[in-house]
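Visitor: For reference, the chains in residue letters:
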Amino acid sequence: MIPISWYLVFSAALFTIGLFGVLARKNAVAILIGVELMLNAANVNLVAFWRYVTPDAIGGQVFAVIVFAVAAAEVAVGLALIISIYRRRNTIVAEEIDMLKY
Amino acid sequence: MTGIQIIFIIVAVVTLGAGLMSVITRNLVHAALWLVLALLGVAIFFVLLNASFLAVAQVVIYIGAIAILMIFTIMLTRRVAVGSADSQLNANWGWAAFIAVALFAGLVWLLSGWNGFNITAQQMSPRTDTIRQLGTALVSPSAYVIPFEVASILLLAALVGAIVVAWDRKS
Numbered sequence: 048m049i050p051i052s053w054y055l056v057f058s059a060a061l062f063t064i065g066l067f068g069v070l071a072r073k074n075a076v077a078i079l080i081g082v083e084l085m086l087n088a089a090n091v092n093l094v095a096f097w098r099y100v101t102p103d104a105i106g107g108q109v110f111a112v113i114v115f116a117v118a119a120a121e122v123a124v125g126l127a128l129i130i131s132i133y134r135r136r137n138t139i140v141a142e143e144i145d146m147l148k149y
Numbered sequence: 011m012t013g014i015q016i017i018f019i020i021v022a023v024v025t026l027g028a029g030l031m032s033v034i035t036r037n038l039v040h041a042a043l044w045l046v047l048a049l050l051g052v053a054i055f056f057v058l059l060n061a062s063f064l065a066v067a068q069v070v071i072y073i074g075a076i077a078i079l080m081i082f083t084i085m086l087t088r089r090v091a092v093g094s095a096d097s098q099l100n101a102n103w104g105w106a107a108f109i110a111v112a113l114f115a116g117l118v119w120l121l122s123g124w125n126g127f128n129i130t131a132q133q134m135s136p137r138t139d140t141i142r143q144l145g146t147a148l149v150s151p152s153a154y155v156i157p158f159e160v161a162s163i164l165l166l167a168a169l170v171g172a173i174v175v176a177w178d179r180k181s
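In the order they appear, the protein sequences are chains A and B. Position one of the first sequence corresponds to residue 48 (my numbering), numbered consecutively onward. Position one of the second sequence corresponds to residue 11 (my numbering), numbered consecutively onward.
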């Protein structure tokens, strides 16, 4: 059987990869890709703890479902913002988007 | 080493490699496709963890909706997303890599101090129906109906908000 440590180390690695993407990428869509990787790593942790520590209480899976919903909402609004900024400013490089009103 | 451990290692290596490619590759369309592979790997982990509903939801929501939405956005903003010849990483990527590695080392160090670090899962009886348990818990007033309703309101607000924000007023 697989010990829980494998899942925890895997999700830590996936989380830090996502964090690197968020910190190092220029493009706003690429930053959102990094955020998605981080949310997925958190989900793996939630489900692993549900399966290994409290398999009788379903709370871990419920929390993961809520994270799915929040991720979908975040991506929808985030990509709408990116498209809106692209129409007005013709750029989606995060460093160049530094004005509140154009 | 049992067969399931070999499967775990193969899927973990593929998922982490795809995740790494999705944050460093220069072409953003390729980055989104690598993200799809990483999300698929996470779905396989949900299967290994007996969370069958989450595995299906991962494929339908993440790969079917979120990744496709990202590919659409990348193609709508294609001139700046793909055309530039210079690197897609900003000037501080060295610091970002340092912070990521340091955080990984810190997380592993912190987790290895936990005394349940090497526990294995109890065998789940084949009669346990986790999908039924999950469905009941999501709508039962004594369990998680309030977070479920709040999530539905959040999704509605995000739907309306996305349409309002992305609306092209000029045309």
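The hints are simulated quantities; they were obtained by calculation from the structure and are not laboratory data. There's no promise every hint is true.
[As the list claims (entries may be wrong)] Stretch by stretch, here's where chain B covers chain A in the computed footprint (C-beta under 8 Å, at least three residues):
no., stretch
1, 51-58
2, 72-83
3, 125-135
[To be verified] Across the chosen pairs, the derived CB separations fall in these ranges:
no., chain 1, residue 1, chain 2, residue 2, range
4, B, Val-70, A, Asp-103, 43 to 53 Å
5, A, Glu-142, B, Ile-20, 33 to 43 Å
6, B, Ser-122, A, Met-48, 39 to 49 Å
The structure displayed is predicted, hence computed values, not measured ones. Heads up, the beta-carbon is just placed ideally off N, CA and C, and yes, glycines get one too.
Visitor: Among all the numbered hints in the text so far, which are the ones the structure does not match?
Guide: 4 and 6
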